[in-house]
Amino acid sequence: MKNEENIPKSCLKVGHYIDKDQYNETSFWESLHLQLHIINCQRCKQYNKMSQKLTNLLNKTKLNALQKKEKEELKNRLKF
Amino acid sequence: MTAAKTNLRPELWVDKYSDYLFNYTISRVNDRDLAKDLVAETFLAGLKSIDKFKGDATEKTWLVAILKHKIIDFYRKKNSKKGKAEVRMNYVNSDDQQGDWLEERVQNDDPNADQNLENSELGSAIYDCIELLNPQHAAVFKMKNILEYDNEVICNELGISTSNLWVSIHRAKKQLADCLGSNWF
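These protein sequences, in sequence, are chains A and B.
What the first sequence shows, in my numbering, is residues 58 to 137, in sequence order.
What the second sequence shows, in my numbering, is residues 5 to 189, in sequence order.
If we strip away everything but chain A, and leave its shape as in the complex, we get (with noise of 0.2 Å):
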């Protein structure tokens, strides 16, 4: 991935954990380390409070898509 804002390493590793732990999927250390580094880095901080904010956003939303197989079936339907 290109790091075109000059990002730190550190926070483009802090970045993954914050996405992975919006859905529980980061390890002990990856949670850890989130912690820590978040205590002194207003970035992630920001981009840690902006990924819950999303989350929020779509839980309440309750958002529904088709899946593949009926898409599938839609377009038989369509004769496409």
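I should point out that these hints are in silico values taken from the structure, not numbers from a laboratory.
Quick caveat, the model's predicted, so the values are computed rather than measured.
The beta carbon of each residue, even a glycine, is placed where N, CA and C say it ideally should be.
One or more of the hints may lead you astray.
What the hints assert, rightly or not - Stretch-level coverage of chain A by chain B, calculated; a stretch enters the list once three of its residues show a Cβ under 8 Å from a Cβ in chain B:
1. 70-79
2. 111-125
What the hints assert, rightly or not - Partial list, computed: chain A residues near chain B (C-beta under 7 Å):
3. 91
4. 106
5. 107
6. 131
We have chain A already, so just place chain B on it with the hints.
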């Protein structure tokens, strides 16, 4: 073929708009199969009316307008059956029973209507923003957050690595947050 007609790409409708239309519908009818039927009917009506498309609205706006009519028609038919039953009923207007008879007959089984409407608008806003994403990022985001597929399934489905998956999630989230802006955040 007129310029307006050439702007319509029916062969792409399912891939481009079916999730948006489905999400819009299901929040209003609460029945998955019914929602799918209404979306299919919308696309079919669109195909039949291609000649009538003037190009004043976008393809998506035009399809949503057709869908709205389909939903209204559905409720009209549903309520017309109720309406006929009401005509046969006798409303006893005594001093003990004050109030508007029609309001009392309308079943209020959705006390959260206002919140549901706001959530539905937010859902549409999120979908509008997802549409602006790179197609791979959008696909990963939908599979992870809406369809809730496992990472392995997503990677197999799209032919990407786990690392690509997380890059897509990261990019998608940042763009969505920018797109949704202060209105929703």
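Inset, instruction - Check each numbered hint against the structure and report the violated ones by number, ascending. - result: Those not satisfied are hints 3, 4.
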